[in-house]
Each structure stands twice: as structure tokens, then as C-alpha cells.
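The task is simple: from the sequences and hints, build the whole structure.
Keeping their order, the protein sequence lines are chains G and F. Be aware that the first sequence starts at 2, since it is given in the working numbering, and climbs by one per residue. Be aware that the second sequence starts at 2, since it is given in the working numbering, and climbs by one per residue.
Hints should not be assumed to be uniformly reliable.
The list cannot tell twin chains apart, which means a pair is met if one copy fits it or any two copies do.
[Said to hold, decoys possible] Result set (PhoX-like, lysine-lysine): computed pairs, CA atoms no more than 20 Å apart in a straight line:
hint, residue 1, residue 2
1, Lys118, Lys89
2, Lys111, Lys170
3, Lys141, Lys218
4, Lys111, Lys89
5, Lys111, Lys46
Just so you know, the hints here were simulated from the structure itself, not pulled from any lab data.
For reference, the chains in residue letters:
There are 2 protein chains.
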Amino acid sequence: MITLTEENYIKSIYQLGRYGTMTVSTNGIAEALETKASSVTDMVKKLAEKGYANYKRYQGVSLTLEGKKIAADVVRKHRLWEVFLVEKLNFTWDEVHDIAEQLEHIKSEKLINELDKLLDYPTHDPHGDPIPDKNGDIKKTDKILLFNLAENAKGVCVGVKDTSSSFLKYLDKHKIALGSEITVVSREDFDDSMVIQINGTMTISISQAVANNLFVKEEALD
Amino acid sequence: MITLTEENYIKSIYQLGRYGTMTVSTNGIAEALETKASSVTDMVKKLAEKGYANYKRYQGVSLTLEGKKIAADVVRKHRLWEVFLVEKLNFTWDEVHDIAEQLEHIKSEKLINELDKLLDYPTHDPHGDPIPDKNGDIKKTDKILLFNLAENAKGVCVGVKDTSSSFLKYLDKHKIALGSEITVVSREDFDDSMVIQINGTMTISISQAVANNLFVKEEALD
DNA sequence: AGATTAATTTAGGTTAATCTAAAAATAGTT
DNA sequence: AACTATTTTTAGATTAACCTAAATTAATCT
Chain G
2 MITLTEENYI KSIYQLGRYG TMTVSTNGIA EALETKASSV TDMVKKLAEK
52 GYANYKRYQG VSLTLEGKKI AADVVRKHRL WEVFLVEKLN FTWDEVHDIA
102 EQLEHIKSEK LINELDKLLD YPTHDPHGDP IPDKNGDIKK TDKILLFNLA
152 ENAKGVCVGV KDTSSSFLKY LDKHKIALGS EITVVSREDF DDSMVIQING
202 TMTISISQAV ANNLFVKEEA LD
Chain F
2 MITLTEENYI KSIYQLGRYG TMTVSTNGIA EALETKASSV TDMVKKLAEK
52 GYANYKRYQG VSLTLEGKKI AADVVRKHRL WEVFLVEKLN FTWDEVHDIA
102 EQLEHIKSEK LINELDKLLD YPTHDPHGDP IPDKNGDIKK TDKILLFNLA
152 ENAKGVCVGV KDTSSSFLKY LDKHKIALGS EITVVSREDF DDSMVIQING
202 TMTISISQAV ANNLFVKEEA LD
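This is the structure in C-alpha cells:
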């Protein structure tokens, strides 16, 4: 049996280590989970004993195959619930994270499969993040940060890196949503800000912080 | 802040004490929660300290107003989720209890209100139990046990007392569901079994155990 | 390479929720 | 009313998850 806390640690290791492939530091986990490094050491030992993680002291942690399976499952549930909240219960994308954080731990295979069906098998959550399938596989898209688009280049908004409520509300305010077409009108060397046009209409100036937290899929120029 | 465990104890006290009005015994709670009486004593003290329960040693427990509010809220969530599982996710009434037991602890007022709306404000769960409203009030129906129906009397099935999977599957097998019309054809003094007719067609003999776990609303005779 | 800094681990302790076994209070019975 | 049985409570331990402070290992920088 796996506890809720263990699941959260495994999920963190999975996400910090780019879907479980890389090795993760004790401090990194501690920061992500808002806990202390010493607590992480304890837990990581336990996860290793249980066969969910590979761990040698001072060498960082990674997940075993079994650990990755568990992590992908939790992430799958988290993201499906987020879709549910937005699609069926009128939540906005900045409201769903904390609730999905609770719902991701509900245990029932039938529940999650039926939810998947109800939502018509979505591939991405409301923030554009991919939803792992039943086997834990995720479809990778070739998204890049808006910051890396050249002047005059065009892209479609496909995701956000920062999912904080304040950032998402900022995007809402400026009518930037998943699917919006963004054109880089000009870039400013001085402060790395850029002027962009949204869906061919509104033109605004955005800071480097914004451009570095918005994923786009680049489009061919006309 | 209230913990998951505290919520479960409060819910038990609420349900064992007929929606929080009566006093409940330590052993009763222990049995309901499959734990030991000594654990119950500890927890009940804590609940009293926190203002959720009234407790004097050796005198049993009851809920304060605040405790009742919390309990009703948990029960409301449990039953709404059960409706959701059956109505939207193709679950049968014998499958929903354990999952609702997990879902009832999810904390989000908006979530539960939106769920309520999605389900079109149901008043009863799939087993016929009433769903408390936002204020914790429940609509009481004048249901009686099938066992208490006289010969030739008619009733409509409105609920089950035993919600175990085996009992619910028994009912499914004999095509007894909420809303079914049941006529008492005859009663047997010897073993307290009775012969009933379901929806004017199928006639079967049921044991006292069955008749004592099925709630009906009596109908006037023709 | 040696010294300093940073990251990680160990040691020892705390809290919530549980348990067993023993003691105390209540309830039931003659 | 006294004795017995049952229920409930107390006392003392255990486990999971956490913490602080000190010790250790690794990384970085002259």
C-alpha cells in the first residue's frame, strides 16, 4: 500500500526529473514540497526500500519503472480532474490546481477511466500540459517559449509554464488563451520586453517574465 | 483545521446518533470505524476540546451545532458524489460507496455546489438516502420497512437500510429497484418470510432479512 | 591541494493516530 | 445491596511524517 504522502513525493521526483528520467536533488524535492531536506532524505530512503526509487546517498534520486508508473498515474488523474472541473463544473483555469491536488489521490481505476470517457479522452489539461494515457505514455509536442520567437514570427499559444493564479489571471485580462495566435511585433533589447499582437487585433507589450512562461507552437510565416 | 480522521469520527457520531441528535457510545463508534474503544476515547476528547462534540466521561458523545454542521456537510458531499458516479460515470449502486468515502473529504465549496447544479439538485442518493442541503437540513420522508407492511398492502421502494454490495446485488437480481412497486401477497408466521409481487408481475418469496432492509413508502389500497 | 561553501545526511525529538493491557466506572442480576 | 459482567477510560508503546541542530560529504574556488 502506498500512502498519500509517498504519492506526493513520487510525483515531485517525476516532475522535477522531467517525467522521471533525470536524477533529482534532495533540496529540489524539499523546495517543491515545502518541507525540509532531512524529511526528504527519510522519505527517499523509504521509497527506495519499497522499490519505487533508486537512491544512493549524496547521489540524488530517480524513479524505478514502478515509481514512474505510479507518478504518471497520479499526474494523469490530476490533469483529467482539471479538465473535468473546467469543462463540466464551470471552473476557470486559475482555480483548478488546488482541487486537483486533492482529487489526484482518489483510488479507483474505473472512476478515472469513466471520467476519461466522459471528457472524451482529452490529451491536454486546461494549461496545455499533456495527459499521460493509461500506460503512462505522454504525447510530446514541440512547444517553445514565446521568448524564443524571433521578430515577426507567429505562434499559437499551447501552454503555460507558470500556472500560478496571478499569471493566469494576467493572461485572461489580456485575452490570451490556449489557441490564441500571437505575432511578435518587435523586441526590445534593453529590458527583453516584446510587443506582441494577439489574434491579429490587440497589440500589447509584455515583459520578459511573461514571454518566458508562455509556450507557443511556432507557425510558418505567410 | 480539521483532519480527515476527525471528519470520519464526526460523521460516525452523526449517523449513529440519528443525524446527531442522540448520544452515542464509545463502543458503537469503535465498531463503526473498525477501531478500538481506547482510540475512540482519545479522539472524542479532542473533538470536545475543539468544540465539535459534547463529552463527559462514561456518558457517551453527541455533536455540538458546529459538529453537526461539519457532519451534514460530509454526508452531503458523500451522497452527491454517489449520485454523480451513478448518473454520469455509469456506476451501479453497489459500487459507489467506497469511492464516495474518499471523495467526501475533498474540500471546495464551489466544487460541491457546481456538482449539485450539474446533477440538477438531487434530493436522494442512489440508495434512497436523503441529501442534506447547503444548510445541513434534510428532508425526512415517512418511509417504513417492508417488513412492517401488512398482507395485501402496497408500497413503493424508496430506500435500502443495508447498503452492502451483496444485498444490492440481490435486489438487482430480483429486479427490485428504487421506485419499484411492491405488493405483499402473503406473510409466513413461521419464519417471518413473505411473498411479494414486484411491479405487478414477478412474484417471489423473501426472507425476513430482506424485508427488514428495504424501505418502502406505503400506498393507499385500491 | 587545501580551504571554504553548499548540499546532504544523521541523530534525536515532536505530534497525530493508533494499539494492548490494566484499571475504573457503570449496568445488570440475583 | 452486593456481585458480576460490560463498557469505558487510562497508561504506556508504536508508527508515519515531520522538525532542528549537528555532522558529514561533495563541490567550488583560490
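> Which hint numbers doesn't this structure obey?
Replying inline: 5
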